[in-house]
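S.K.: Each chain, written out:
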Amino acid sequence: MSQPEVIVGIGGAAGDGTASAGNTLVLSLARQGIPSYSYNSYQSVIRGGHSWLRIRFSAKKPLNHGDQVNALIALNQDSLDRHLQELQPGGVALYNGAKLAPSYDPPAGVQLCPLPVPDLAPDSKRLPVMQNTVAVGALTQLMGLDFASLGSVFETTFAKKPQVVQQNVDAARTAYDYASKNFQQLPARLQTTDQTWAQASGNHLFAMGAALAGCKFYVAYPMSPATHILEWFATHAQRLSICVRQVEDEISVVNMCIGANHMGVRAMCATSGGGFALMTEAIGMAGILETPAVIINVMRAGPSTGVPTKTEQADLNQALGASQGDFPRVVLAPTSMSDCFVTPSLAFDVADRFQLPVILLADLLMCEGSETVATEVLDVEFPIDRGELITKADGPPAGEPYLRYKDTPSGISPRAVPGLPGHLHVAASDEHDEDGVLLSDVYADPIRRKKMVDKRVRKMSTILEHLPVPVLEGPADAETTLLGWGSTWGVIKEAAERLNADGTSVNHLQVKTLLPLHVEEITAALGRGQRVIIIENNQSGQFAKHLRGETGIVADGHIRKYDGEPFEPKHIVAGVRDVIGGQQLVEVISTEPGFRTDHPTGTSGAWAGLKVERPGVPAKT
Amino acid sequence: MATALLVAKDFKPEVPPDWCPGCGDFGVLTGLFQACADLQIQPHDLLVVSGIGCSSNLPGFIRSYGVHSLHGRALPFATGSKLANQAMTVVVTGGDGDGYGIGLNHFIQAMRRNINVTYIVMDNETYGLTTGQASPTTETGMKTKTTPLGNLEGMLNPMALALASGCGYIARGFSGQPKHLVQLYKDAIQHPGFALIDVFSPCVTYNKHNTYSWFRERIYKLEDEGHDTGDFRTAMDKALEWGDRIPIGLFYQNPDAPPPLDALDPALTTGEPLVHQSYEIDGDTRRELIREFV
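Chains A and B, in that order, are what the protein sequence lines are. Heads up: the first sequence runs through residues 1148 to 1768, numbered per the working numbering. Heads up: the second sequence runs through residues 9 to 302, numbered per the working numbering.
Just chain B, with the same shape it has in the complex (with noise of 0.2 angstroms):
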């Protein structure tokens, strides 16, 4: 097999997107081809799993393996397919109503076990594919279909959530800066643990407030205001920082990661994936189990 370096358009499948014209996940899909690319990853060996909903929708817009499963359940779906071969880059796609809505618990519960696997969120606050109800990220008081008259609720806030939950390397971007985007999908994938990474992801079509404009004017980068990204703390300072100015750009990484669970397993510590080991049991073990009931 040739070994040419790969770039970004063989990650770019013949089947285009279907997504409104404008819409942030087309630079969120785009950032994903230059990251996979610039890390040499072959798309064989790349999984990207989604649940429901627009964004969803991305495994069919890129070459690679993919799995479009149900509403919410994207991380368990991934985490049962690293477990079973952890050899591949697993990479998670979907929205806020899927991750932090139907599939919140999953969320919580993949960080706190810290599967190695890449979530890409993007972040349109809104739910998109049913044309536009409140999510879990929805603003307080802002107005959609389902709250005519202004939502009631709070704000859910996935950066201090995923601090607080134990995940080794959080992330925000902005659909808008798909060049800013590459560096954090790159890190995130080669971070040896769950990595979140939250992108603002404007919905053209049924989110008039939070626009491509509206982000532009309150967003700055961590790293150009000198953030340690190594500090707990400041990195739940900053998750706190929403209004005239928001952050985007890594606000943690744990210096200390502990070894992700896939490597951890005892059935996987010898690196070898579950799905090459032999499923046979030899006699004498078997004899053993048998054994026990004697």
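For reference, chain A alone in the conformation it holds in the complex (with noise of 0.2 angstroms):
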């Protein structure tokens, strides 16, 4: 907290632009050295409507987008309406001065900076976007920096336009001058480094990471929030001959995707959670079937169609439960969009050496969110591991038939993929011997039936040394523990940094291996007789739930968050102080004026609450 950063709002109707103004600013200040994290509050309209984007420059790499706005850009009255009234002292409200103007006074310490965009870029009447070109502009030289870096965002983005090029270089030039000579700077300075920034989205990182894990194949059904995995995957299909296919429907992309790993590729498909509930049936068939499949399923706010812009962690129980029987399957949640590049190797690497389904959690914050990656962290060359793959095409060794589920002391049977001579075999999603051969259809075989199902559970005894252990983040004999699953890390961490600098004793544990769950360690980091807070982004606890039912573990405190927008740093902080305070369920919500549909002009200060109290929990027993 005590380094410089900058938190800079950018609001406007879906069609005005605010995500590349955005991107424009990330970029430049990712060429600088500069990194920052993102993350977009809209709704589900193509045009018109309300979106707000954030995003956090700070010296140290942000790993959440805050709980603040040090700089708004205002696209339209209704963001400059919104979002004035959040500003902290000494931040710059930007808009188009000859258009829009403040409903009311801005809270006190806060510069109002009108911009001429007529004046400062002609071509904005017949170009309205060009405003954003403005504001960007603008927006540079406040933060106290050069102009360099930003003429060459324009550069690459309208690599193909010179005309354009120049046309914005000019406008936002203007602008940066317009402000230098009307305008205060934001108090924040933020360094130029030489670190290199990557910009990415989860989805992209998802999809890059399963690519350099030698992902051949990927299939899906386009749904929000996950599609931009499979636009990445069809941009570059041709150039790294990958097959990528859109297909009619979850259940067919999921039986795609099993069927091409079935013949020897590593094969993948995402969706949310709509699409993975038309994929369960598949999911328990590539669990009898041994098949290794990866299938991501970016969670957002459900059930149903849910709301489907916003994000939640409510698929938790949907992803252990998917489908029917008993089998083998990992859930893994990446903690970061960083995370989601690495998560896809090791998801593929265990699906290959242990042939069962693996599940990603993912959920829309971190997937359309954004943040900067040094370069050099994506620079690296998976290790691949298919496991007990039979390639080659010299058959058994003479006289013994090839049994594809043979009984063996790991439950690993060696896999041969349709193609070679030698190992003719028919898998079955029914129940079925080691050989392959149906036992569903026979009259009774109760001792097969029971050590083809030990078989293959038998598979999860050593799978867990492969699977990321939770380690313990901050000092080691704190008083209470924040415990988290997946996304929540960052801000977690944050929170915990917060609560620690302000005297109140904390650490963190963050789960990524939530299938099979690592009981004993887990145990032991919770059993120090600390005050144990799970906080999660859903209404019932699911994780809470799930922890208890492996560990017996009943944590002390909840905080949970399920009006669509992700936990804040503040949040977690006042939640934390609620639950040492007495109470044991926390349930907060984001207040914030902009967020509400009601949300009045003129008034500021009405709307600051942070948290609803839901009466008449039962107390813990």
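Hints may contain errors.
[Unchecked claim] In the BS3-like style, the derived pairs of lysine-lysine whose C-alpha atoms are separated by at most 27 angstroms in a straight line are:
1) A:Lys1598 - A:Lys1553
2) A:Lys1553 - B:Lys20
3) B:Lys194 - B:Lys229
4) B:Lys216 - B:Lys17
5) A:Lys1602 - A:Lys1539
6) B:Lys187 - A:Lys1539
No lab work stands behind these hints: they were computed from the structure.
Work from the hints to combine the two standalone chains into their complex.
M.R.: Here it is as structure tokens:
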């Protein structure tokens, strides 16, 4: 918190270009060695509505989008009305002064920066989007940065249209100069560094990470917020020789994915909760066929269509319980966007080694949001472990028939892919014997049925050592441990740092490996008699119940959020204080004026509530 | 390895089919043995994929690679498999409930997609494995366990549907005439694209209406009447024929068949199966990918 940072909020209607304005700014600063983290709150409309993009620039790489705003770029009146009141002292509000004016007085210490857009960018009458360029140019100056990097971004963005490059550079430059003459700079100073940062969303990092891990087949049906994975693959299919197909529904998606994996290629698919629901029957098939498969569920707020453009962590139950029957599976939840890059490699290796489905649970926050990643972190060669895969055409030892489902001590049977001489077999979704011949159609064979279930499930007994173990971060002897899973790592980490700085002793544990759970390690980490608070982005505490079921651990307090918006550090800080104060369940909610449909203009401070308490929650027994 | 010519019994496994005695599916299966032998397809180069149902047990009764997948999902599974290794001959088998009921969407999409697989539907106009309920091809008015007053719904016409969906090879056979079937199979497997063979395969246990003799009284061979297999509109006329006379044989083969999907996908145009391609991405390419984010 002590380090300098600037949080920029860009508000507008869908189609106003909030995303491209933000992207320009992010790339411009990334090229100067300044990292950032972006999150966009938007609604499910193609044109109109309200879109609120927050970008946090910080000297140290930010791990969440923060919980305040220092610089507002309002692209329409609605955005100015909503967000002006949220600005911190010392903050600036940039807007087209020829069209917009504040409806109320800004908070004390906030500087209004009306920009005469028609004068600064004469083309703006024909091209209203030029107002974004003007704002970005002016803000660059107010952040105390040189202009050069911004110009270079326009050159990249409009590489094929030199005329447009000049148009944008001119407008931005004029606005930059105008700002230096007319406005005060922001108090925070971000130092440029030599670090090269790449800016990517969790979706893009998933896609590139999978491609670098040997994914040769990607299949999907468009579904927000996972669609960008499909788009990345489609864009790069030819160059990387990856077969990329968009097909009729997620049932077809997952069956094609398993069909391709069955033939020996690494195949992956991704969807969101509704599509994942359609996939569940086939996930069980991958379990009994012992076919590796990697399936990503980018969670959004449910149930059913739910809130398609909002984030949630409420598909854990669905992942744990996907498909009928008992079969081995792995569920992993990457803990940051950067983690989305490395997790597909792990997932493919584990899927191949143990011949089972691996489900990755991510969410809209992480997958549609973006962060800067040091380029050297991405420039890695993933080792590829295909496990016991028979790819050579030499047959099994003479006289011994090949048994696809051989009952081995590890439960893992050497896997021959179709096409090899000497290894003919049928892979059946029916229960089958070691040779693949159906047991399902015999009168009864309890011994062999049990043997085959045991053989498959036995694979889980050695899998834990191959999966990431949760590790306590922060002071080892803290009085309170904050426990989260998946995407909340960064925001919990920052909340913990703030609490420690204020004298509340906390550490935190983030779980990525959700199934199987590292029961011993988690029990040891939480078993010192400290207070345990579970933080999750859902209503019912799906992880808390899972943890209790697997370990018997009952947490002392719960902080939950299911309003569609992600946690911000302040939510967790306030929630922890409430739990320490005796409240068992704290439900937090984003109540900033900008999030309200009934936001009043001309008032400030009246919407500062942070949390609602839910009465009637039974006390822990 | 010896290169002795393959014969039908090379495809016959140790496990005998457990279909009811007299089931139409026996004829479908033995015809397939012969067609594969005639085409000299090595058993390890053949992948037979099915869904669920009596007829979907077929992969267990042929010596080849096989997959017994989910009810209705054989076509997507097979599509993924074919795209992963287009060097394999992929034959998909199933019943009318599996393909025209629960899997209908995939059936239409697979034809539109023109994936190079051969789809054999053992059409017995009933759900056999669940002991005799109405299927999408059950005739209107027919009494079954679930339509005790007679089937109120219309009959799905797979031939017309296939024509409308862009299928490039559309044929119908009768399991009572396995030799005729062998020729249809061979032509279908050699057709470069999706091929459908709907086979009347009587259910001797649960369909007492569409029996062997019922079919024998009605069917006639299109080739005996000089049918023009390259003409779409004539084929549609024949597809709509049902009643006293029912045509079998090749209805339509697209004379200008486009290349199948597995020849068009950018990752597959070199002809090297995906499964044999390198999955490593070199450092220069990797750094180019990273630069897109900078």
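S.K.: Going back to the hint list, which numbers does this structure go against?
M.R.: 4, 6
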